[in-house]
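Asker: Next come the chains, spelled out residue by residue.
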Amino acid sequence: MNAMVMARKVSKSFGALKVLDGIDFTLPKGEVTCLIGRSGSGKSTFLRCVNHLEEINGGEIYVDGSLIGYRRQGNVLYPLSESEIARQRLGIGMVFQRFNLFSHMTAIQNVIEAPVQVLGMNRDEAIERGKKLMTQVGLSDKLDAYPRQLSGGQQQRVAIARALAMNPKLMLFDEPTSALDPELVGEVLEVMRGLAETGMTMLIVTHEMSFAREVADSVAFMDQGKIVEYAPAAEFFGDPKEERTKAFLSRILKNAGSERAAA
Amino acid sequence: MTPENAISVSGQSSIRGRMESEAASGEAIIIAPRRHPWRWIGGAVAVFLMWRIVNSMIYNENFGWDIVAEYLFSPVVLSGLGLTIWLTVVAMTLGIILGLVLAVMALSSNPMLRYPADVYLWLFRGTPVLVQLIFWYNLAALYPVIQFGLPFGDVLAEYSTNALITPYTAALLGLSLNEAAYMAEITRAGIASIDYGQEEAAKSLGMSRVKTLRRIILPQALRVIIPPTGNQVIGMLKMTSLVSVISLYDLLYSVQGVSARTFQVIPMLIVACAWYLLMTSILSIGQKYIEKLCARDAL
Chain X
1 MNAMVMARKV SKSFGALKVL DGIDFTLPKG EVTCLIGRSG SGKSTFLRCV NHLEEINGGE
61 IYVDGSLIGY RRQGNVLYPL SESEIARQRL GIGMVFQRFN LFSHMTAIQN VIEAPVQVLG
121 MNRDEAIERG KKLMTQVGLS DKLDAYPRQL SGGQQQRVAI ARALAMNPKL MLFDEPTSAL
181 DPELVGEVLE VMRGLAETGM TMLIVTHEMS FAREVADSVA FMDQGKIVEY APAAEFFGDP
241 KEERTKAFLS RILKNAGSER AAA
Chain D
1 MTPENAISVS GQSSIRGRME SEAASGEAII IAPRRHPWRW IGGAVAVFLM WRIVNSMIYN
61 ENFGWDIVAE YLFSPVVLSG LGLTIWLTVV AMTLGIILGL VLAVMALSSN PMLRYPADVY
121 LWLFRGTPVL VQLIFWYNLA ALYPVIQFGL PFGDVLAEYS TNALITPYTA ALLGLSLNEA
181 AYMAEITRAG IASIDYGQEE AAKSLGMSRV KTLRRIILPQ ALRVIIPPTG NQVIGMLKMT
241 SLVSVISLYD LLYSVQGVSA RTFQVIPMLI VACAWYLLMT SILSIGQKYI EKLCARDAL
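Heads up: the protein sequence lines correspond to chains X and D, in order. Taking the UniProt record's numbering, the leading residue of the first sequence gets 1, the next gets one more, and so forth. Taking the UniProt record's numbering, the leading residue of the second sequence gets 1, the next gets one more, and so forth.
Because the hints were derived from the structure by calculation, they are not lab data. Watch out, some of these pointers could steer you wrong.
Stated by the list, open to error - DSSO-like mimics (lysine-lysine), calculated; alpha carbons at most 27 Å apart, straight line:
| id | chain 1 | residue 1 | chain 2 | residue 2 |
| --- | --- | --- | --- | --- |
| 1 | X | LYS18 | X | LYS226 |
| 2 | D | LYS211 | X | LYS131 |
| 3 | X | LYS142 | X | LYS131 |
| 4 | X | LYS169 | D | LYS211 |
| 5 | X | LYS132 | X | LYS29 |
| 6 | X | LYS132 | D | LYS238 |
| 7 | X | LYS9 | X | LYS246 |
| 8 | X | LYS9 | X | LYS142 |
This structure is a prediction, so every number in the text was calculated from the model and none was measured.
Here chain X stands alone, though its shape is the one from the complex (with noise of 0.2 Å):
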């Protein structure tokens, strides 16, 4: 199977607020696709749903051709256990908004709390590891700060390393950009476009638009919980073809245009 990720018909609500409706996607091995829309889009939602954070109303998510959190019979779908979707997380790296590292540890536990509690892994081999993780997100000098002595945009790279280190072979990244200082973006979405020249399956959620121009190989608008527009990135800025997409891009560029007349 070519699809890292294959979502169909995929539907959500909040009570009466329906959130997803009926997103179909497809995402193959070894790609970058940025998810852009609106706030309350639903694109964050979708997100959450990939790694079942978020449980789905209808459809199914599957990532690497397995079925997330459910198991089918027929044409009935059971939840699967806390531990069976636990062995499912393992799969996918997560980064958050708000990086949500373990305040009362160091960056280096934080990135070898997982490997060593959930896969058992030998401390030792684990801390050789993060130290190499720690240096290619361009932190082998701060294996011992704590999250609070570092900056914004250095923990959301320890956040990276964190999600890293348990080899996951698709990585989700929640708008991770977005809760920083505007000088401090650019170190985070660097270490982004290195992860993506390894070969990393991502699926970013962002308002990056240039880092989504350069460095996703698709790009997906989002609008009221569908996917209006799925393209690659070259066809999706310079040639979008659905109205709303238009809209989006010329608000957001018009934006961003003001912002540098400001300057």
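With the hints as your guide, set chain D onto chain X.
Answerer: The following block gives chain D in isolation, referenced to the frame of chain X:
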């Protein structure tokens, strides 16, 4: 450069100019300390009152200081003190453990765990601990015999309730079950204070619920849980004096035993208070120290 910038630059330079001219005049300006006449007056009144009170305590023979000195380190008082400390430590430990279990139950999404925890809190916080102590002590009146066995099957063991519920077990049951209800509330608040993002991050790394609680949530929640737990320990130390109603020889019941023979009620109460104060003072110092540690960690 925009016009606004130009204005603010000129404003700064004019301030600098004024400061230079004042410094040049050569006279240093001194700020006088604020005067507090009422503190001196209040202090004088307090010293006078203290002198009168201490005086009366020393010269009023009814205080019986010689008897206080005689019994302060007597074996009967020290053994009562030992039991008070033992009850405090054991009841508190049991209370903390059961409180943690109740807190986790109360926060569970499973209603079959949540509702029993709620009922427990309702029952044990809603009745006086003194009543609970007397109740456990008299359990035999309710269930004369306690049996252990398989459901609908053979009885494996059978005990007379009076043999099982000694004053010691009644005291421990009463104190620790009551304490558990309060510790559950403290622990629940501590766990709830941790950002949900921590749990989500642990989940996304494939950690199980138990591991997430033990490795991620609880260590951080301790900062919130420990300071009020210090208050509970101090409260427990004093609450143990209630076991005197089920005739257990704690510190209070021991000194009461002495005064029942010697009719020296006040001196013996002073003996007890001296020991209670000493222990709560030690606990308070420890509590301040631990709170400082927690606050530093919380930065």
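Asker: Give a verdict on every hint.
Answerer: Evaluation of the provided hints:
1. LYS18/X - LYS226/X: Roughly 10 Å separates the two Cα atoms, so the pair holds.
2. LYS211/D - LYS131/X: holds (24 Å)
3. LYS142/X - LYS131/X: Measuring from Cα to Cα gives roughly 10 Å; hence the hint holds.
4. LYS169/X - LYS211/D: holds (23 Å)
5. LYS132/X - LYS29/X: This hinted pair holds, its Cα atoms lying about 25 Å apart.
6. LYS132/X - LYS238/D: This hinted pair is violated, its Cα atoms lying about 55 Å apart.
7. LYS9/X - LYS246/X: Holds, because 25 Å separates the two Cα atoms, which is no more than 27 Å.
8. LYS9/X - LYS142/X: violated (44 Å)
In this structure, the earlier hints numbered 6, 8 are contradicted, and the remaining ones agree with it.
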